[in-house]
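Asker: Going line by line, the protein sequences match chains A and B. Counting the first sequence from 1 gives a position; this note's numbering is that position plus 3. Counting the second sequence from 1 gives a position; this note's numbering is that position plus 3.
Warning: the hint list may mix true and false statements.
It does not matter which identical chain is meant; a pair holds if it fits inside one copy or across any two.
[As the list claims (entries may be wrong)] Once the Cα atoms are required to be at most 30 Å apart in a straight line, the calculated DSSO-like pairs of lysine-lysine come out as:
{"#": "1", "residue 1": "Lys334", "residue 2": "Lys515"}
{"#": "2", "residue 1": "Lys69", "residue 2": "Lys80"}
{"#": "3", "residue 1": "Lys549", "residue 2": "Lys150"}
{"#": "4", "residue 1": "Lys495", "residue 2": "Lys286"}
{"#": "5", "residue 1": "Lys69", "residue 2": "Lys472"}
{"#": "6", "residue 1": "Lys515", "residue 2": "Lys486"}
{"#": "7", "residue 1": "Lys339", "residue 2": "Lys515"}
{"#": "8", "residue 1": "Lys8", "residue 2": "Lys544"}
{"#": "9", "residue 1": "Lys562", "residue 2": "Lys8"}
{"#": "10", "residue 1": "Lys150", "residue 2": "Lys228"}
{"#": "11", "residue 1": "Lys50", "residue 2": "Lys228"}
{"#": "12", "residue 1": "Lys239", "residue 2": "Lys183"}
Hints listed in this document are in silico derivations from the structure and should not be mistaken for laboratory results.
Number of protein chains: 2
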Amino acid sequence: MPIYKAPVDDTLFILNDVLGIERYNNLPGFADATPDMIEAIVGEAAKLAEEALFPVNLSGDQEGCKRRDDGSVSVPKGFKEAFDLYREGGWLGLAVPEEFGGQGLPYTLHTAVGEYMSSANMALTMYPGLTQGAIAAILVHGTDDQKQAYLPKMVAGTWTGTMNLTEPHCGTDLGLLRTKAVPTGNGAYKISGQKIFISAGEHDMSDNIIHLVLARIEGAPEGVKGISLFIVPKFKLDAAGEPGERNGVSCGAIEHKMGIHGNSTCVMNYDEAEGYLIGAENKGLNAMFVMMNEARLGVGLQGLSIAEIAYQNAANYARDRIQGRSLSGPKAPDKKADPIIVHPDVRRTLMTIRAFNEAGRAFTLWTALKSDIAHRSDNDADRQTADDILGLMTPILKGVMTDKGFDHAVMAQQMFGGHGYIEEHGMSQYVRDARIAMIYEGANGIQALDLVGRKLGLNGGRAVMALFKEIGDFCEENRSNEKLAAYTKALKKGLNDLQAATMWFMQNAMAKPDNAGAGSTDYMHLFGLVVLGYMWAKIAKTAEEKLASGETARADYLKNKLITATFFMERILPETALRKARIETGADTLMALDAAAF
Amino acid sequence: MPIYKAPVDDTLFILNDVLGIERYNNLPGFADATPDMIEAIVGEAAKLAEEALFPVNLSGDQEGCKRRDDGSVSVPKGFKEAFDLYREGGWLGLAVPEEFGGQGLPYTLHTAVGEYMSSANMALTMYPGLTQGAIAAILVHGTDDQKQAYLPKMVAGTWTGTMNLTEPHCGTDLGLLRTKAVPTGNGAYKISGQKIFISAGEHDMSDNIIHLVLARIEGAPEGVKGISLFIVPKFKLDAAGEPGERNGVSCGAIEHKMGIHGNSTCVMNYDEAEGYLIGAENKGLNAMFVMMNEARLGVGLQGLSIAEIAYQNAANYARDRIQGRSLSGPKAPDKKADPIIVHPDVRRTLMTIRAFNEAGRAFTLWTALKSDIAHRSDNDADRQTADDILGLMTPILKGVMTDKGFDHAVMAQQMFGGHGYIEEHGMSQYVRDARIAMIYEGANGIQALDLVGRKLGLNGGRAVMALFKEIGDFCEENRSNEKLAAYTKALKKGLNDLQAATMWFMQNAMAKPDNAGAGSTDYMHLFGLVVLGYMWAKIAKTAEEKLASGETARADYLKNKLITATFFMERILPETALRKARIETGADTLMALDAAAF
């Protein structure tokens, strides 16, 4: 049977020791996040994830969601009870301003506990996850009345939310969308059209569902310049602000998906449903991007979450399963065979996943901290720098962590042999669930294009130059520290490859944009490798310092950090050279075949 | 809806033009395989795959197999009718000697058409696939009586076969198996025990099922030296040799698997079932390896098969789906958006899959030809060399083609965005089906160990040295041909990395075997890259020669081969340097952590 234990110690090490979150206690909400408070919150989240969400994960996958003929949808057994504990614990509002019922704590902390929730039950955690995206959009673009009407209930989890973008003929290219909005004359709109792939679109866990829907107002320009965003509640609100009359929106079908069976992914039909404009007319994409950016960080986190639970189960199995003997002679001579963890190839698998997970955890929390600084600092320069890095990291975090999260779920499944292919051990579920994260909120190819086509050149490359300087300075500052030299040397080499590839784009992609597209995915992964390498170098520096200061209680833990950092530098980071070489081959060969010849 | 078209032209190009199969017409069975005959057989196979097997592939996945309370199992709707056409077409006996009802044609041809069958319906093709493994074992190790009793019916497909190795506590390490065999005194044995993951273990498509079962004869030595192989028919044969009394073997359950739902993967319970020893007592593993080796080539082929059908659907979708615009300006200005095939990153994906598939097809057929030479040549030296290469290639073909087949099914699925994640388009099925091929017939980590631990050093490294010489000679011979220089130069670089890594093992793994295990998977892939690069160089040479000789009918086809070869050399083959670098880091860092720390 699958196991899960939230990696609380690792979260605390990163927050407190590596990132030094205490240094930010001048930011709003951070003063409340004392080390004791953080430990208590993270501990409570671990308990909820392990004891409430996780026990219904595998059963939820096997049972799935069910749509009845009347269009109502029921979630798997036990989901509602687990979600009740989730909302009662106030987890939806952890980082939401107090005036709307939240706790105003750091988004960084929200991210830290979010990892556990998605590890324990990704499909279930998507219900509050989508709600948080909708909350974010209403917070930024809603009127005061809209905020008052919707946010307190959504923050409490009494109501949930959704994002409605995709239509059958349009996903990435939202300019093609056809759902229309006709003004009613009283300030509202009638929304009509069909949306597909709507996560948490219909279910029986909340009193109302607040759909945020992209549509085109009658007579609006074609393309992306004519798209507006609307609030469409499942039940219209009555005079008291409570769910009243049923609105003209319904679930037409549940998609048959590869995974996340516990989440109701719906075809949503809008038939003159009453909707209310949120944000400016024809500026719907701007409003939607508030949701999208936060959602992309959340999806990147899902990559880590699934890789973590898959790793834990694989490590556990590798210690337990006895089969064959070590190449260097029996290690468990009293048994008929050795546990398979004696095999270097098994350890290679586990070390690879572990090295990505631990650095990935640091990467997501470091990025979340940038988000907090960007949104909460009162220093203009700090805010701008943080926002630059946040924007640059968003496609990398989403694309790299979900690609790797999936790959590593597959590698963990492989440890189980045939037992990994049958559903009982849960490994198949992790692979199937992790697969969607590479696709939704912008398929990873789109993330790579966002990176090379938009983020790289933004403000004259200000973000990328700032980050290169930060990493370069780190290498320089620690160059003479012989305990860190091996890490910084490898990191510097990776950084050089990244800088060379960046330069290559500047010289070759301006005149010929296909050269950017041809290298985009390799560049995204090259960048991810260097950032993860930077995280490992920071972790190693912290571990060395703690060991040097005589910290004995965590001595083994800290030494294992150094070993895993070494593994990353030796085996993983050198991939930067290959990625760079591929980028430099450009687009010509790729574009040479006729489309018909494929 | 999914599409599939068997790549007949490519098969014929490889067989006739690249491999020059006509040159082998002195081998038994090859004289009948004239170019016309080959074209006719391949064409018939394509028709069967496209028109009979493929139409029930997606529905078979969705319906799955069903076990009734009495232990009987029914296959999905339409499977029996499709299998009837398969057996009536004589496909089971294509390469089996004529004396047992086969056609005695080359195994190479059997492999060529096998690709189509597994593309069209992998789950269904496993029923005859397992039967062929059983036929191979009986051919080599059976007595004349056993051959006469079982082979004609199995070759006709009236009866099917299975392989029973795995038990709940033992897969890789067969020495642990517990199924026991007690002599009855009349030359037979009573077999008792439980086997799991038995593909095609029970179903309603054949009159009898011939199980080949590994078991330990009472009093036999422990470990692998006490294992024997038995024939256990589902129905014992009556005096006329027809299925009579039901034997003590039954299906206890069907496994709930991630994919290949159309194949009945069974828990098989043996309760004093009557079994007959095949091969020598306690030499069961030898007999089993006849099946295993052939099955490993067949599984490697499955990797290609799934990658091929996934590629075809992805290419088709990329040409049809309009979404967004080309980075270099609109390509379909009359439409609202361009087809996504205009994007370099989409083409990178398609070219990557294509480059592996086309070289992979050459690799499997080239290896199959070695098998034919090894089994049919009357020249001792030829036979030995071919057998050496066949043994060396078996783990590489199995491991690399299935790892890549899965990766590429995932990449093809990614082209579809959200539509790839729902089951209707078939892409999820290809991913889920492809996943098992990395696991069964020896998980790919075991293939890598077989390569570095056994095959590499066999006979003083004779096989590997012969192959290095063959590839090195090819590079040398074509070095001055400027049309081929780019290909041979890249290939030589890859070969140098492979030779250096091989040398590193010789110097570092003798004294410390963990160094071999630590690099085994990287080495397997490094080797695969070089062999696939060799295939591309051979294909490019053939294409250049055909073009130079003024062949105009296939000019575009041949030019596309050169483009794809260039892509492989530019983007894929340089990975050899990374693989080599990883190997040279050795085992120390991998082995440093305590098992408990994972």
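Asker: State for each hint whether it applies.
Answerer: Structure-based check of all given hints:
Proximity of Lys334 and Lys515 under a CA criterion of 30 Å is satisfied inter-copy only: 15 Å between copies versus 59 Å inside one chain copy. Within a single copy, Lys69 and Lys80 get their C-alpha atoms as close as 11 Å, and across copies as close as 25 Å, so both meet the 30 Å cut-off. Neither within a single protomer nor between protomers do Lys549 and Lys150 lie at most 30 Å apart by alpha-carbon distance, with minima of 46 Å and 72 Å respectively. Taking identical chains as interchangeable, the C-alpha atoms of Lys495 and Lys286 are never at most 30 Å apart, the minima being 43 Å within one chain and 56 Å between chains.
For the homomeric pair Lys69 and Lys472, neither the shortest alpha-carbon distance inside one copy (53 Å) nor that between copies (62 Å) is at most 30 Å. In this assembly of identical chains, the alpha carbons of Lys515 and Lys486 lie at most 30 Å apart only when taken from different copies (27 Å versus 45 Å within one copy). When the C-alpha separation of Lys339 and Lys515 is checked against a cutoff of 30 Å, the pair qualifies only between copies, where the shortest distance is 23 Å, while the shortest distance within a copy is 63 Å. When the C-alpha separation of Lys8 and Lys544 is checked against a cutoff of 30 Å, the pair qualifies only within one copy, where the shortest distance is 27 Å, while the shortest distance between copies is 56 Å.
Taking the shortest alpha-carbon separations for Lys562 and Lys8, only the intra-copy value of 21 Å comes in at or below 30 Å, while the best inter-copy value is 56 Å. Taking identical chains as interchangeable, the C-alpha atoms of Lys150 and Lys228 lie at most 30 Å apart only when both belong to the same chain, with a minimum of 25 Å there against 75 Å between chains. Taking the shortest Cα distances, Lys50 and Lys228 never come within 30 Å of each other, neither inside one copy (46 Å) nor across copies (50 Å). Proximity of Lys239 and Lys183 under a CA criterion of 30 Å is satisfied intra-copy only: 19 Å inside one chain copy versus 70 Å between copies.
The structure is inconsistent with the numbered hints 3, 4, 5, 11, although it conforms to all the rest.
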